[in-house]
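Asker: Just so you know, the protein sequences line up as chains W and P, in that order. The working numbering numbers the first residue of the first sequence as -15 and each following residue consecutively. The working numbering numbers the first residue of the second sequence as -15 and each following residue consecutively.
Calculated directly from the structure, the hints in this document are not laboratory data. None of the values given here were measured: they were computed from a predicted structure. Treat each hint with caution, since some may be false.
Copies of the same chain look alike in the list, so a pair counts if it fits in one copy or across any two.
[Unchecked claim] Calculated pairs, DSSO-like style, for lysine-lysine (alpha carbon to alpha carbon, straight line, at most 27 angstroms):
#1 Lys198 <-> Lys152
#2 Lys258 <-> Lys269
#3 Lys258 <-> Lys92
#4 Lys92 <-> Lys232
#5 Lys49 <-> Lys186
#6 Lys17 <-> Lys258
#7 Lys43 <-> Lys148
#8 Lys43 <-> Lys6
2 protein chains.
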Amino acid sequence: MTQDTNQNIQSYMTELGEKARKASAVLAAVEAKIKNDALFAIADELITQREALKIENAKDLDAGKEKGLDAAMLDRLSMTNESIDKMAEGLRQISALSDPIGEITDLKYMPTGIQVGQMRVPLGVIGIIYESRPNVTADAAALCLKSGNATILRGGSEAIHSNKAVAKCIQAGLASAGLPAECVQVVETTDREAVGELLRLKDHVDVIIPRGGKSLIERVSKDSLIPVIKHLDGICHVYIDDDANAEKALNVTFNSKSHRYGTCNTLETLLVAKSRASELLPHIKQLFDEEGVELRGCAQTQAIIECNAATEADWNTEYLAPILAIKVVEGLDEAIQHINQYSSQHTDSIITQDVTKTRRFMREVDSASVMVNASTRFADGFEFGLGAEIGISTDKLHARGPVGLIGLTSLKYVVFGDGHVRS
Amino acid sequence: MTQDTNQNIQSYMTELGEKARKASAVLAAVEAKIKNDALFAIADELITQREALKIENAKDLDAGKEKGLDAAMLDRLSMTNESIDKMAEGLRQISALSDPIGEITDLKYMPTGIQVGQMRVPLGVIGIIYESRPNVTADAAALCLKSGNATILRGGSEAIHSNKAVAKCIQAGLASAGLPAECVQVVETTDREAVGELLRLKDHVDVIIPRGGKSLIERVSKDSLIPVIKHLDGICHVYIDDDANAEKALNVTFNSKSHRYGTCNTLETLLVAKSRASELLPHIKQLFDEEGVELRGCAQTQAIIECNAATEADWNTEYLAPILAIKVVEGLDEAIQHINQYSSQHTDSIITQDVTKTRRFMREVDSASVMVNASTRFADGFEFGLGAEIGISTDKLHARGPVGLIGLTSLKYVVFGDGHVRS
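So here's chain W without its partners, still in its complex pose:
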């Protein structure tokens, strides 16, 4: 790349940032109705433009085939009538969520006579960096719009035509609601340097959200000068306690692993209390054998059922595949210790009927979602009642766990006085 191109990209990205900052001030102040009108108008436009969207999408699919993208990737990239309808439906659902912005909580009189409370406000400008799914363009823009944030969207180069076409629909919807076009901007260059520039726009962008595979998220986290909301791994555990109900234990374990293999809230390591291992492991083996799931067990597991040997590496692995690691533990203490050492702090569940152990597990397991007698697959914005999610955070600061509209906001203090001064 020449220095000229570099400078062009730098000034292009800086301009996007400045425009986004301006638009964010407008968005922060508009009433919910206008934002909802825009979301509905974008949904309508997506339906109206279905054929045009598919034509642009076909360009990406053709280029993808030529580049030799695999079937799974082409599938994620492809837009159909059904997927476009789903995108529009998603926007309408987001418009139906209550507007979090401007809510004042905990407004109280202080001894001095001033009233102090907190008002929920947008973060400002959000940069979203994602891979090949064009539906993220609409989803992410909608969540940011509803929460009063301006957005800069940088999708994968393999989806550039699709993303630009979706962006056109977004622009039409913003215009019909009287909102500035710069509320949602799609980066139109596929140059990789644009990502680097986006991550350096710390005066114009308040938070970066990467959505995609681990390598994307690692790169973004490493290079960003702006705070990042992210999750890296989903190494989730189920611990079957001495006092577990056998049927619940088997059901929850099976659902946590086999409901879907490729999701971040899928079970990867099963811990079984020693006192229950010889009773339950044969049933577990039968369930997963029928499902074609490979089991990798510790020595104690292998003494009870036939399976491959688990090594240290297995406790650290997010398989995202039909493989399950199994470890027999002494009891609750060892389970909590194992989880806090190897878990990615995403989602961990205990199966027990005992209230004392429930109390300890809930408090001492240091993960974003901690569960009792429930499938790890519930760790999801929709299942948690957030309405929609922009991702799941395994960070501790700001947003933790599924991130919905609230995670895209901040709280400022508001003070109401009547000429009050400090003495």
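Following the hints, position chain P against chain W.
Answerer: Same frame as chain W, but now just chain P:
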């Protein structure tokens, strides 16, 4: 520095980090009573050790005089009977605050039958980097302890003897409550490289809080691989609106500026609506002339009162001194625009009797604390009812405004099921 020393410091800091992480798991699980017992015991020990503390402090003061520290710095460094009593009293006050840890909020049944809520939990390990005040050692340790976090404290080298002596009292208190010594660790080397190492301990430290001057905070923010809770500047505004009550306007303006000059919530730029300028500016001049405050006005201000000329630089300056910049603005729109452009997003106040303008100012000014008819000097953890504060954040993510116990915690999701699986 030799490579050996560097490696020694690296392994020393890593060891502190690992120990802190272990202690944090203990602290996260203990009941409030034990933490409160420790706080009381530390307070008692500070009183008991008053003479020993003063002897150690004298070593720092002597070294400081030899190094030629100025009077203000020596004053901040010095420990007296009174300042030790105040430190102890601060600890007792923190022990009296209610324990935020473990509180479960918003626990609701979802359509699937699971119950989902959020539990307040400690962040884990907090690194505090501060300058010469030895009382920070006790204050910061106490706030972190109460919120269930392990702490690594790195004070200024000029206070090393004092800090070690305070740390000894903290250790005695922890031991008497049965808590591990590693809940609070003071970095015992004065080597500057220790700060750099602390900022790289991202596997062991969850958040860094710098307390001190702007250059310290800038350096820490720039170098840290760990999230930082900080504020850089306090460029605070008062806007006197067309509909201001004159008496309230003068009182709040005077108090915001002259209550104390060196604090971050002190007024630095006064904005006055054009329609009120010729009526109010002469009174303002009189008030501040009597107080010896230098006024620097825009051209319109200078047309009404005699004062120095303000330049662009003045709108960007935190004086921390008896100087006030004054600008006449057209009205609310220009005031909001000026504030959002030049304010450090710390604290800004409008003086008005008009509810419509109040509504707009509160919503549209993008600062950590936004006020109506109240002195900017109220932006403070005690005044806001937080009980104590570890600092004031001008960041938007996580904690914004005065940071008390809640700012040192995070929320995890908790899910209660009864064998529930996802369908």
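Asker: State for each hint whether it applies.
Answerer: Do the hints match the structure? See the list:
In the homo-oligomer, the alpha carbons of lysine 198 and lysine 152 never lie at most 27 angstroms apart, since the shortest distance is 30 angstroms inside one protomer and 45 angstroms across protomers. Taking identical chains as interchangeable, the C-alpha atoms of lysine 258 and lysine 269 lie at most 27 angstroms apart only when both belong to the same chain, with a minimum of 16 angstroms there against 80 angstroms between chains. Within a single copy, lysine 258 and lysine 92 get their C-alpha atoms no closer than 53 angstroms, and across copies no closer than 34 angstroms, so neither meets the 27 angstroms cut-off. With identical chains, the CA atoms of lysine 92 and lysine 232 are at most 27 angstroms apart between copies only, with a shortest distance of 22 angstroms across copies and 46 angstroms within one.
Taking the shortest Cα distances, lysine 49 and lysine 186 never come within 27 angstroms of each other, neither inside one copy (37 angstroms) nor across copies (41 angstroms). In this assembly of identical chains, lysine 17 and lysine 258 lie within 27 angstroms of each other by CA distance neither inside one copy nor across copies; the values are 58 angstroms within and 34 angstroms between. For a Cα distance limit of 27 angstroms, the shortest separation of lysine 43 from lysine 148 inside one copy, 12 angstroms, qualifies, whereas the shortest one across copies, 68 angstroms, does not. Taking the shortest Cα distances, lysine 43 and lysine 6 never come within 27 angstroms of each other, neither inside one copy (34 angstroms) nor across copies (54 angstroms).
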